[in-house]
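Colleague: One line per chain: the protein sequences are A and B, in this order. Residue 1 is where the first sequence starts when you use the numbering used here, and the numbers rise one by one after that. Residue 296 is where the second sequence starts when you use the numbering used here, and the numbers rise one by one after that.
Wrong hints could be hidden among the right ones.
To be verified - Using 25 Å as the maximum straight-line C-alpha spacing, the simulated SDA-like pairs for lysine to any residue come out as follows:
1. LYS292/A with LYS378/B
2. LYS327/B with THR24/A
3. LYS354/B with THR401/B
Claimed, not checked - Pairwise CB distance ranges, derived in the manner of DEER restraints:
4. GLY410/B with ALA19/A: 47 to 53 Å
5. GLY410/B with ALA211/A: 49 to 55 Å
6. SER32/A with ARG408/B: 33 to 39 Å
7. THR337/B with ASP133/A: 26 to 32 Å
8. LEU381/B with ASP253/A: 40 to 46 Å
9. ASP253/A with ALA406/B: 36 to 42 Å
10. GLY284/A with ASP414/B: 31 to 37 Å
To be verified - Derived coverage of chain B by chain A (criterion: at least 3 residues anywhere in the stretch with Cβ under 8 Å from a Cβ of chain A; other residues may be distant):
11. 312-324
12. 435-448
No lab work stands behind these hints: they were computed from the structure. Being a predicted model, the structure only gives us computed values, none of them experimental. All residues carry an ideal CB built from backbone N, CA and C; glycine is no exception.
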Amino acid sequence: MAKEIKKPAPPEEPDLLPAMGLFTILIPMLLSMTAFQKLAIVEVNLPERSLMNMQDEPPPEPDQQSLNLSLAITSDYMVIGARGGFQPNVFFKEMWTFRCKSDAQLITHAAEDVKASVEAGKGPKCKDGVEMDVEKYMYEIETIELWAYEKTSEEDPGRVIWAIYSSQGENVPDSAFVDGNNEFLALTGEGNLGLTPPPALKKPGAGVAVATLAENSARKLKPEDAARNIIYPLSAYDLIAKDLIAIHTQFIDLDDADNIIVVANDDTQFDKIISLMDRAKASGFIKVNLAKLGG
Amino acid sequence: MARKSRSYNENVPFSLTSMMDMMTIILVFMIKNIDAEGQLVTQAENLILPVSTSRVQPKEVSLTVIVDNNYVLVDNGKVITTKEVLDQEELLIPMVDSVLKERRQTEKEHALRMGLPADEPGNIIVQIDKNIPYDAMYKVMATCGFSGYTNIAFAVSMKNAGEE
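Using the sequences and the hints, build the whole thing.
Modeller: Following this line, the structure appears as structure tokens:
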């Protein structure tokens, strides 16, 4: 009699229900603990003259052997001062990018145009033509950019300086490139106010050696990186950062070589102060004081 | 010819394997993203913090002052409107100063009870909306210093935090 071949039993699936229960508890718990936006702090030294101002006492005489570095920002230029002298003004045009609630689109306006429009009782316009709230438009600014301008005189309306930037996202500038002489790959724009990028400014291709203002950043561009580079208005912050790095390197031996005073107008937005503090700290000025312009 | 109807086995067990795969992927992703140290600072509502390249984390929990579009808050309690701060001429904000001095006194008494030095400068974290004018920020900062909180730090949103 032929032996009956025993049919193997189908494999039993493990009971996954308890594991599912555990996962169902773990996932909401982890989700509640996840930080989608990481916060950090920027330490600051107290305003040097806050108490002195209250007592109406004059400021102390500056030490002639010190660097006494200050960085002042006004509504249309920044300037670095040291030892009683000043570097040439770095002129800029302030640009505000709003994210409109009506169409969720980004739109960039010149700050002075927005202010003029608001004075006339009209809020800045979105791409779909909807006007923002005149009272609350200030708090809908998503990014503030300071486009560097080349000016020959105070009366000169100036022209935008365009530069080559690396880019992380779509048309969002990251770091400006410099050449072997530490000069920005930049040219003045064409047309009215230089708002048209100069055709002579070409993006470096793959294999070209470039660097940014960061230390040891020299590298040859990979094809994928070269494809992401963009031509964008040069930021006045970058121009200032370049000068600050040069000053810090030159006066590294002085006692106050790590100190800087950021001086600003009353109406300067906090965002600009933090951007300047970032650039100052990245340039080696780790002790940042704050002061008021004319205060 | 009549079409033969497909017969279904009514005893098909519910398979959780694919669901388990999905859950495992989500769990691993979440564990990777979790910050084991936790956050000592949490962003206040109604304000947008400026983006910064700073990676400095607060070392301890500190008193927080918040300046948003409408109010100045100390430890989440409304103290004065931002408009009033902007309108005043003086550098010192008396209402904020009195609240901060009270808090500083409490901290000093607590430090003494714990046998710690009470004369060390107080730590404070200031959260300011990125569009608040420098005038308001400067007055708040000066008031903090005047009240004994001389270790001042601004809370910022970390740039490219996801790339770490």
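Colleague: Please go over all the hints and tell whether each is borne out by the structure.
Modeller: Structure-based check of each hint:
Proximity of LYS292/A to LYS378/B is assessed by CA-CA distance (about 19 Å); at most 25 Å being required, the pair is judged to hold. For the proposed pair LYS327/B and THR24/A, the alpha carbon gap of about 18 Å is at most 25 Å, so the pair holds. With a CA separation close to 20 Å, the supplied pair LYS354/B and THR401/B stays within the 25 Å bound. For the pair GLY410/B and ALA19/A, the beta carbons lie near 50 Å from each other, so the given range of 47 to 53 Å is met.
A beta carbon spacing of about 54 Å between GLY410/B and ALA211/A agrees with the range 49 to 55 Å that was offered as a hint. A beta carbon spacing of about 34 Å between SER32/A and ARG408/B agrees with the range 33 to 39 Å that was offered as a hint. For the pair THR337/B and ASP133/A, the beta carbons lie near 28 Å from each other, so the given range of 26 to 32 Å is met. Distance hint check for LEU381/B and ASP253/A: the Cβ-Cβ separation is about 43 Å, which falls inside the suggested range of 40 to 46 Å.
Checking the proposed 36 to 42 Å range against ASP253/A and ALA406/B shows it holds: the Cβ atoms sit about 40 Å from each other. Between GLY284/A and ASP414/B the CB atoms are about 32 Å apart, so this pair conforms to the stated range of 31 to 37 Å. Coverage of the segment 312-324 of chain B by chain A holds [criterion: at least 3 residues with CB-CB distance below 8 Å; count 7]. Closer than 8 Å: that is the beta-carbon criterion, and the segment 435-448 of chain B has 8 residues meeting it against chain A, so the requirement of 3 holds.
Figure legend: structure checked against the earlier numbered hints; every hint is met.
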